[in-house]
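Protein chains: 2
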Amino acid sequence: MGKNISKEELILQTAMQQFIEKGRHGAKMQEIADKAGINKALLHYYYRSKEKLYAKIFEFLIWNNVSEVFKLFEEDISFTEFIRKFIYSYTDLLNKNPKIPMFLLRELSEGGNTVKAVLKNLVDSKKFSVEKPLTIINTAMQKGEMVQMDPKQFIATLVGSCLFFFIAEPIFATLFIDESSFNRDAFIEKRKEAIYQTILYGVIPRGEA
Amino acid sequence: MGKNISKEELILQTAMQQFIEKGRHGAKMQEIADKAGINKALLHYYYRSKEKLYAKIFEFLIWNNVSEVFKLFEEDISFTEFIRKFIYSYTDLLNKNPKIPMFLLRELSEGGNTVKAVLKNLVDSKKFSVEKPLTIINTAMQKGEMVQMDPKQFIATLVGSCLFFFIAEPIFATLFIDESSFNRDAFIEKRKEAIYQTILYGVIPRGEA
DNA sequence: AATAAGTTTAACCAAAAGGTTAAAAGAAAT
DNA sequence: ATTTCTTTTAACCTTTTGGTTAAACTTATT
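Which chain is which? The protein sequence lines are D and Y, in order.
Residue numbers for the first sequence follow the numbering used here, so the first one is 8 and each next one is one higher.
Residue numbers for the second sequence follow the numbering used here, so the first one is 8 and each next one is one higher.
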């Protein structure tokens, strides 16, 4: 583990883990301090209050993740290649930190003042152009590479399919997976291809190979 | 509002709302009492502790919802009709109480002892047969009505597509929807058909109309 | 070496939150 | 009517938790 990390940074990292795991109310300042191996007063020395610490972390995570997702819309590739690339890359992104999506969605759902303020900021920045993904989809429809469909509906299906396993893993695994023979990594790998096949053939014009 | 409701039931309903909205840690006993218009001691008189109250509610909600979903696998209809029916009914189910899915998934993610115990109970009861949905899908594949695919992958795509909007509405709406012209109910109605079209053509053998 | 500035801690504090109690109020049984 | 049992409350208690403080310790500055 990094030894050259400052206490300030160590607190942030540890707090992030705790907030991600337990949420805004479930995470406790004392526990963060203990896990980081430092005195609780240091948390306040560097970040003033729990709310401010939480805000910093939530803001960091949502900006980071939203921008990573929007980056996936930037590449200039064919429509089918875009679908494939998006599914594969987004799944990898989710799998890199599998608890972050639930954290973000949970906090967004709860939607207190801090969350609202961060979200407003994010929108007002105009850094995340909705035009790009919409254009990709609309162009594909114009070119006849995709059936007619509200782009928002398409995006919801695409993202929802990728997201599901990471959001619902506990109940999904409990109900459908017999642990002895389950290889999580392999399942996720196969997940990508399954989503790709389903969505690709689900939206390209019927009768095309 | 119902006047003939017992205090015991009133507490349960009010607590349910609060837990759903704010989660296990976010909900407060005092606030539940206030919202129900009764003394806080009554909560303990009827339910002993916050944890027990929470357990009762979580147990009720997960049993109820899991069983409602599994009911959708019971009907004896054609494969394409099954897909259609599942998507339409499950979306309606989600929309009836749009905050419950996030509550359940959130709590399942956090997964404390109470949650684990309830979940173990649910599995051990064997009341929810995984065989049924798996059989529907396997049979369709045998009959050549569906391409070859791990049934678990198919279910993940199906459920994930339906779930997404209700789990991610705050951020999805913020990013993609301009409020002035958005009709939520209409979007959900169109959502059903969009999912149906995508998944149906995504999994039936290529070249079929 | 002395001093000043920043860092870290142990000990406290105050507010919030879960939980208890004893008594009052209401309903049921005699 | 009186007693008994259940329901409901106000007041109180205890623990948890976020936050503060003053002093000790480090590190830079002169």
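Careful: at least some of the hints might be erroneous.
[Said to hold, decoys possible] To give an idea of the chain D side of the interface with chain Y (calculated C-beta under 10 Å), a few residues:
1) I12
2) K14
3) M36
4) Y95
5) Y97
6) Q149
7) G151
8) F161
9) A163
10) P177
11) I178
12) T181
13) T205
[What the hints assert, rightly or not] DSS-like mimics (lysine-lysine), calculated; alpha carbons at most 27 Å apart, straight line:
14) Y:K42 with D:K29
15) Y:K29 with D:K42
16) Y:K59 with D:K35
17) D:K123 with D:K35
18) D:K199 with Y:K199
19) D:K123 with Y:K59
20) Y:K42 with D:K106
21) D:K78 with D:K103
[As the list claims (entries may be wrong)] Which stretches of chain Y does chain D cover? Using the computed rule of at least three CB atoms under 8 Å from a CB of chain D, they are:
22) 53 to 64
23) 159 to 166
24) 178 to 192
The hints are simulated quantities; they were obtained by calculation from the structure and are not laboratory data.
A virtual CB, placed ideally from N, CA and C, is assigned to each residue, including glycine.
Going back to the hint list, which numbers does this structure go against?
-> 1, 2, 3, 4, 5, 6, 7, 19, 20 and 22
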